[in-house]
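Protein chains: 2
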Amino acid sequence: MDVDSNLVSYVYAFDHKHRRPPMEYKDLLGGKGANLAEMTSVLKLPVPPGFTISTDACRAYMKGGWPAELDAEIAQQVFALEKKMGRKLGDPFDPLLVSVRSGAKFSMPGMMDTVLNLGLNDESVKGLASVTDDERFAYDSYRRFIAMYGRIVMGVDGELFDHPLEAAKAKAGVTTDSDLGAKALKDLCKQYQAVIKKATKTAFPQKPREQLRGAVEAVFASWNGARAIAYRVRERISHELGTAVNVQAMVFGNRDDNSGTGVGFTRNAATGENKPYGDFLINAQGEDVVAGIRNTEDLDHMKLHFPVIHKELMEIFDRLERHYKDMCDTEFTIEQGTLYMLQTRVGKRTGAAALKMAVDMTKGTGKGNQRWKISKEEAIMRVTGDHLDQVLHPQFAGKGKVLAKGLAASPGAAVGKVYFTADDADEAATRGEKVILVRNETSPEDVHGMMVSEGILTARGGLVSHAAVVARGWGTPAIVGAEAVKIEGKQFTVGDVVVKEGDIISLDGSSGEVVLGEMKLAAAEPPAEFNVVLKWADQVRKGKLAVRANADTGEDATNARELGAEGIGLCRTEHMFLAPDRLPVVREMILANTDADERKALDELGRVQQIDFEEILEAMDGLPVTVRLLDPPLHEFLPSVEELHIKRAVSGLSKRETAELKAAEEWAEHNPMIGTRGVRLGVVKPGLYAMQVKALLKAAAALRKKGKNPIVEVMIPLTVTREELALARSWVQTEVDAATKGLKNPPHITIGTMIETPRAAIRADEIAEEADFFSFGTNDLTQMTFGFSRDDVESRMMPAYLEQGLLKRNPFETIDVGGVGELVKMGAAGGRSVKKNLKLGVCGEHGGDPESIQLFYEAGLDYVSCSPFRVPIARLAAAQAVIGGATSSTK
Amino acid sequence: MDVDSNLVSYVYAFDHKHRRPPMEYKDLLGGKGANLAEMTSVLKLPVPPGFTISTDACRAYMKGGWPAELDAEIAQQVFALEKKMGRKLGDPFDPLLVSVRSGAKFSMPGMMDTVLNLGLNDESVKGLASVTDDERFAYDSYRRFIAMYGRIVMGVDGELFDHPLEAAKAKAGVTTDSDLGAKALKDLCKQYQAVIKKATKTAFPQKPREQLRGAVEAVFASWNGARAIAYRVRERISHELGTAVNVQAMVFGNRDDNSGTGVGFTRNAATGENKPYGDFLINAQGEDVVAGIRNTEDLDHMKLHFPVIHKELMEIFDRLERHYKDMCDTEFTIEQGTLYMLQTRVGKRTGAAALKMAVDMTKGTGKGNQRWKISKEEAIMRVTGDHLDQVLHPQFAGKGKVLAKGLAASPGAAVGKVYFTADDADEAATRGEKVILVRNETSPEDVHGMMVSEGILTARGGLVSHAAVVARGWGTPAIVGAEAVKIEGKQFTVGDVVVKEGDIISLDGSSGEVVLGEMKLAAAEPPAEFNVVLKWADQVRKGKLAVRANADTGEDATNARELGAEGIGLCRTEHMFLAPDRLPVVREMILANTDADERKALDELGRVQQIDFEEILEAMDGLPVTVRLLDPPLHEFLPSVEELHIKRAVSGLSKRETAELKAAEEWAEHNPMIGTRGVRLGVVKPGLYAMQVKALLKAAAALRKKGKNPIVEVMIPLTVTREELALARSWVQTEVDAATKGLKNPPHITIGTMIETPRAAIRADEIAEEADFFSFGTNDLTQMTFGFSRDDVESRMMPAYLEQGLLKRNPFETIDVGGVGELVKMGAAGGRSVKKNLKLGVCGEHGGDPESIQLFYEAGLDYVSCSPFRVPIARLAAAQAVIGGATSSTK
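If you read the protein sequences in the order shown, they are chains A and B. The first sequence: position 328 = 328 (the numbering used here), numbered continuously. The second sequence: position 301 = 1301 (the numbering used here), numbered continuously.
Hints may be right or wrong, so weigh each one.
To be verified - Derived lysine-lysine pairs resembling DSS-like cross-links, with alpha carbons at most 27 Å apart:
1. 1490/B x 655/A
2. 1685/B x 808/A
3. 1486/B x 662/A
4. 1363/B x 655/A
5. 647/A x 1486/B
6. 490/A x 1655/B
7. 662/A x 1647/B
8. 1311/B x 1084/B
9. 647/A x 1490/B
10. 1662/B x 647/A
11. 1486/B x 685/A
12. 1825/B x 825/A
13. 1647/B x 647/A
14. 662/A x 1490/B
15. 1662/B x 500/A
16. 647/A x 1655/B
17. 808/A x 1835/B
18. 708/A x 698/A
19. 1363/B x 1348/B
20. 490/A x 1662/B
21. 1685/B x 405/A
22. 190/A x 207/A
23. 63/A x 83/A
It should be emphasised that the hints constitute simulated quantities derived from the structure, not laboratory data.
Produce the entire structure from the sequences given, and follow the hints as far as they go.
Below you can see the structure in the form of structure tokens.
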């Protein structure tokens, strides 16, 4: 810990002169204390004065109890504070009141938070009443302080204070606290003190110094409270750190009409316009602004009433922006003509504002030597994936009452009438209605209904369920796994609420919220700065981390290319099999009894698959397209065993159905996710992969004839051993050799594999011997590394796990750095140890997640691939990873 | 390569003087060549002379074609050989014949194997006929040689030789080759030569030197045959090694009555008795002994006819045993009064013989300076797990016709009448019948039928299916996943064979073979040496690698302890839940609508579980018992969703059934193996684990009262994060604190976790912070590392994978060293990096597999745990690992 060596104090005033900027002393002062000191001593803002009792004091306390020298130091600081404020703690005429707040290095729920109005007692309350000329306010403050102090510092059960309050309200014949008069409140102050006496056998301390010591000790003690410890365990924060305590003079914006309070932004947080913006109330307290009890005024209005203070505030805004080089969000109070800054921080903003501000700030602001600007790299770092999501997808304009919450499966908001079957949805859409399709789960048979829907809601399934994957691919808003939604026939219920067919609901696929009724939507409208920032991002990441898309159709591929994709990292061929006109042929192939029948079905599939491939390769002309050979278990293409069993029991089966049942039973699996799929299918049904490769090569040849430049990469899924990949590679190579025999300039077809089993990652060195490239399939890798079947655990277990801190992030959204991330790094390093230039990519969902992209960059991957609508976010995140990676070495 | 530096030959006679024992020149001479040289030059055995063309020659050939100097070297060696034998290659009166055999460093299928009788041609065949006085023999040998040479050396399709042969038999009116006379065979020789001429446009070479060069070149070329290459890829053998070629004079035991042939063992391979044993035939060839066409005589009989040679043979036997310090298996031939040793190697033996010989040999054999013995460590290394299995379980006495093959799920052989339902099996057993239960799969409802069966056969499922696990626990022979077995009602078919209820079949659970009809069984009878060897093994591994058992009942625990288990490494509590009298209570618990109902069911379960625990802890008094809290998904305790759906469609459901259906649907999962199970259950149903721990602690307390010493270890299954284990640990600790509050000497209850997900192994460092011990669950770890659902892939995919060399071993039987083994090592090292003395064990199936135990010892584990009946094998293997580990550093 780097403390000024000539100082051995336990307590530092906010204006103490540290050797380096206070924000660097978070270890000693805690986060809040460092921020208050920064505002006071560096920014020279008019902050209500106060002092910070350091974490050193807390550590000393934990070791050996209350440090002997601490009382004196606090007394000295209080004395200085009283002097500064011209008021004294406990003064019966014009008392100084202080707040006491905990403030550890890291913000930490579970610790004592705040005691306000400390310094009030039976005498000083009268002074407060008199100087504020508001007896009710003074006694309300006092009874709140007693209760707060009793509960937090003295450990009295909070409920014990409720009984006298309820009794007082009953007696007064009112229902809300605010209707109680000064007399009743004064009475409550007495009763509350009696409650404390009874519960603790100790009197509520009347001496402010005693109150202060009690509050500080309570903060220290709360460091080792059960919830705080649990939180630290979870967040891996050392128990040794300790917390600081901040004591600060209270100021009141509601003293008179020469007082007031407000919040202000240095620029417009909604639009990004370079003009300060804020809300202000005369003669009011901070919570009045937030609560919206009175109509607030804007800053121009404030200028009318407080022209000098307004000017002062505007100068502060300039100073803040110059200091933080960013838009700031502030809270301020005017007490009897004096401006106090209570808080400042870099402000939150909308997506459009973030983009506009980032670009604006690169151009420079301010004059002369006060001019400042940010670099393009800094601008890139100012924009988040969520910002881009906001401008790319419609959003709820405002907040609605949330009926149910599910998994945010595909971003954007949608409004429509509820329908429960694909056919009903289809018909309604044909009638011109806007439709929300609600299903327990979706399957390929629902696709025609999903296609016409504004949004999709399912009661079951996780973020890789059919509904989620399909919706994301189309950019349709979707919520999945909303378990509270119970569908019964043509209605659904959530608790007591019944939603019938044709009722209107609104979905927010970015938050997972379902709202009953029609929400107003804010349309998606990327501002001009969108492309500016992404162009800068592309420049930064060029040659370092490419972005591709996962796309299965020509349309998706075209879309992805428009959004900036530099190729296709994952073309799933199974989606081509699931199209309604192809499924019967796929079934023929599976049911085939003779080689000839199988051949015939395969030929037919090859014919249609070739057309698909041509469209995709044409859309991605000149860019690489990674085609994954068939991956899912074959039973996914067969009818349900259970439905056939039921039908057999009820009405018997046709001959064809009997054959289908036999095949479905034969291919049924207990755990299909880890069953006969991927390259294992190729081993048990070798003709399948040969057909796919043939179709792909024919498509490429046809395009080449048209003068196009298709770049084909063939990818084998689910490899676990080198031998397996060598065998699969030989099948592909045989087709390639046959297709390119005799060509003068044979096309270079590369053959690689998914790395999606833990074993493949661990033995990447061996597997690399047979691979031209690796693509990490982090979805499956996460499933197997954790033993989490997404479809089963994501909607059922994940919420409980996240809530209880058993997992910090949903590992299917953001890569699990410690586990799955290690495997990715192991796989990348293993592969490269054998082939220095092995091409590495990722094609799981994580390919579009900014935090995960950081890890992929660190692991040395060449590209990430994500769904088309995530491409802009991935481009941005890739650039951020490159910039972060460049600076992380100098940190 | 360490070759005598003064030698640069390509060819070495068997009696060449190498600087070191020939067995050390396998790189140069190949395995076979080194063995022949060892017998010739070190053991001075009368081996038919010959020479080895070295791998150097092969490498030179691969590089630049036939080496110029090779012809001369071979000619020189042939000359020497002819001189030694007193016969010449191709001599028309008394020709020398030779065999040509490939012999790489490692035995390698897919390469050219053997050409016999080389040197025969149209002239020398007459000489052979004359000296053997057997024209038929001479021409039969010649036509076989022509065909063999044509096929192997000249690449003629073997079928082309079948047509003339069939025609010759038809013409002669005979059905077998051996009924063809000399005339017909002589004719065939001509026709075969015509076949070769037609197919290759080249004449069959008449010159022996040409024949020899052709054969040698064919051996060289076969090194790069497709199958040989594929084999080397699979076995990771370098393509650079090349093969040697052995050319050896042929000897004939069928020249006259002063000739003969036999096989001999230096001790009795069946009983282990220290007395040479063998089969012998006068005037016969090797294959006559093997084929059993004539009744063979024993060695005593040989002594009568060939007293001098018998004495010579006995001296050779002594020399062999002294040299190899082991029982040897030999092949020998007497040609006209001269003994030739054709082969010798350490001999295969039965389990009983292995044990007896190992113990006997530690006592010393031979006299004076010829006396030799082996150490106890060597004795331990001489016995294999298969040997112990043989003496522990009944075996087929002889070979039967195999009807079907499945997975060898539980060792030992059984015979009985086939029944298809548990009830039928139960009734039949009550009638006194010996029963084999045949099912598609078994479930807890079948347990009463399984219990009374001699053996169990299932058509589906893998080595951890219900049937397999239960059968192994009881030591009941079982075969699972016999996919060829198609059950229809009360019969099953395999191809055309129909087996009806009551028909007798025999099972060999050690090989997975199902035999129609009654096989004679050899009873399990461990010889006295069994315990001697295991006691030695225990001494060796003491303090280095302990052996525990997986046991779920008091009976199993008692059994395990008798077999030498030093504790229980895995007590699965779910089996206690599946007992027919408990399942309804478990269902009550799952169906409970109120906390009170759930509480009631849990209390009832706690009561019965306590009794179970008492029995187990009592049986293991003073030894550690690791109790795993509930692991399987709850739907395993509920009726099948599908069956209830069918019932609902057909006849409707009762109220109770409707409730059960609702629960079953709620708990149903797509991939239960990676779904809501293990500690995840604890998170979603916390009362469950508390109940189990309470019951366990009560049981321990009750025993302590009785003066016993229960040692309890509580194990949390399926952990993936430190936080998860911290939470689960807190539940257990709460119960422990409550149960031991106020005790003077509170028992020390340790709390640990399974490491069975890849993530847990990777993040073992973090998880170790919350664990007193780790137990590697290598079954699940293998499933997740490969993404192999055992129930799905083991019977369907594994055979194809093993056959095609995509996997070298079934990773569920022997641990996958490169993948899963790496994770075990990572987990062990990670855990110990945080807790130096962290106790480490393994409780997957691999705990009883000798090769896997070697890895566990290397990884630093403290114990292995396996099913009770594997305990003796694990004790032996653990000692072997310790011995191997000790010597591996000096290798």
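Right, here's what the structure says about each hint:
1. 1490/B x 655/A: Holds, at roughly 24 Å.
2. 1685/B x 808/A: This hinted pair holds, its Cα atoms lying about 21 Å apart.
3. 1486/B x 662/A: Measuring from Cα to Cα gives roughly 13 Å; hence the hint holds.
4. 1363/B x 655/A: Judged against 27 Å, a Cα distance of about 73 Å means the pair is violated.
5. 647/A x 1486/B: 23 Å, holds
6. 490/A x 1655/B: Cα-Cα ~24 Å, so holds.
7. 662/A x 1647/B: Since the Cα atoms of residue 662/A and residue 1647/B sit roughly 21 Å apart, the hinted pair holds (cutoff 27 Å).
8. 1311/B x 1084/B: 24 Å, holds
9. 647/A x 1490/B: 24 Å, holds
10. 1662/B x 647/A: 21 Å, holds
11. 1486/B x 685/A: Holds. Residue 1486/B to residue 685/A sits at ~22 Å (cutoff 27 Å).
12. 1825/B x 825/A: 18 Å, holds
13. 1647/B x 647/A: 11 Å, holds
14. 662/A x 1490/B: Given pair residue 662/A, residue 1490/B holds - Cα atoms ~20 Å apart, limit 27 Å.
15. 1662/B x 500/A: Distance of about 23 Å is within 27 Å: holds.
16. 647/A x 1655/B: Measuring from Cα to Cα gives roughly 23 Å; hence the hint holds.
17. 808/A x 1835/B: 25 Å, holds
18. 708/A x 698/A: 13 Å, holds
19. 1363/B x 1348/B: 21 Å, holds
20. 490/A x 1662/B: 20 Å, holds
21. 1685/B x 405/A: 22 Å, holds
22. 190/A x 207/A: Given pair residue 190/A, residue 207/A holds - Cα atoms ~16 Å apart, limit 27 Å.
23. 63/A x 83/A: Measuring from Cα to Cα gives roughly 33 Å; hence the hint is violated.
Violation of the numbered hints given earlier is confined to hints 4, 23; the remaining hints are satisfied by the structure.
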